[in-house]
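Novice: Produce the entire structure from the sequences given, and follow the hints as far as they go.
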Amino acid sequence: MKISKELNIPAAYFYHKLVESVLHDVSKSTGEVINESNLENCEYVKEFPGKQYAKIKINQLVPNQSYSYSTSTTKNDFTASYKIESLSDTMCVVAYEEEMISHGTLQKINDSLFRFILGKFKKKRFMKMLEQVESSY
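Sequential numbering from 1 applies to the sequence shown in the working numbering.
Honestly, the hints are just simulated from the structure, not real lab data. It is possible that some hints are incorrect.
The following label-pair restraints were derived from C-beta to C-beta distances [as the list claims (entries may be wrong)]:
1) P49 with T105: 20 to 28 Å
2) T90 with S4: 17 to 25 Å
3) F126 with H103: 18 to 26 Å
4) E131 with E99: 35 to 43 Å
5) V33 with E99: 28 to 36 Å
6) Q65 with V45: 24 to 32 Å
7) E98 with V45: 14 to 22 Å
Remember, it's a predicted structure, so these values are computed and weren't measured experimentally. Idealized CB from N, CA, C, for every residue including glycine.
Specialist: Quick look at the structure:
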């Protein structure tokens, strides 16, 4: 899935909101408080509903420009990235991209079906999240 949206907020503001969310997630999952300078290459385990766990790694963090992470489970590997391009002091473009590699034939079929059925809903929800960040400025 790829999404790109122009936002009426500075790139630094969007980046700050993204990092704030990641720091909260790391703290909630690990019980440790870390700062932004320790995020890149940070790895932690997160628990999801149903006693499922995933290993999360922050792959890249470039201030006001990009953020990417990967999530690994027994069923699949998921990678997501945000590219932030400043258009002016008050505008930016956020490009989001995700990729999933499923383990096993049955899981590949299941994930493909899931993407097909819920893809539009997921895009709509993601666009709403971007709009909420924009309106919080």
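Novice: Look at each hint and say if it fits the structure.
Specialist: Hints, verified against the model:
1. P49 with T105: 20 to 28 Å: holds (26 Å)
2. T90 with S4: 17 to 25 Å: holds (18 Å)
3. F126 with H103: 18 to 26 Å: At 25 Å between Cβs, range holds.
4. E131 with E99: 35 to 43 Å: Cβ of E131 to Cβ of E99: about 24 Å, so the range 35 to 43 Å is violated.
5. V33 with E99: 28 to 36 Å: With Cβ atoms ~31 Å apart, the hint holds.
6. Q65 with V45: 24 to 32 Å: The hinted range 24 to 32 Å holds for Q65 and V45, with Cβ atoms some 28 Å apart.
7. E98 with V45: 14 to 22 Å: Given about 20 Å between the Cβ atoms, the range holds.
Violated hint for the displayed structure: number 4, the only one.
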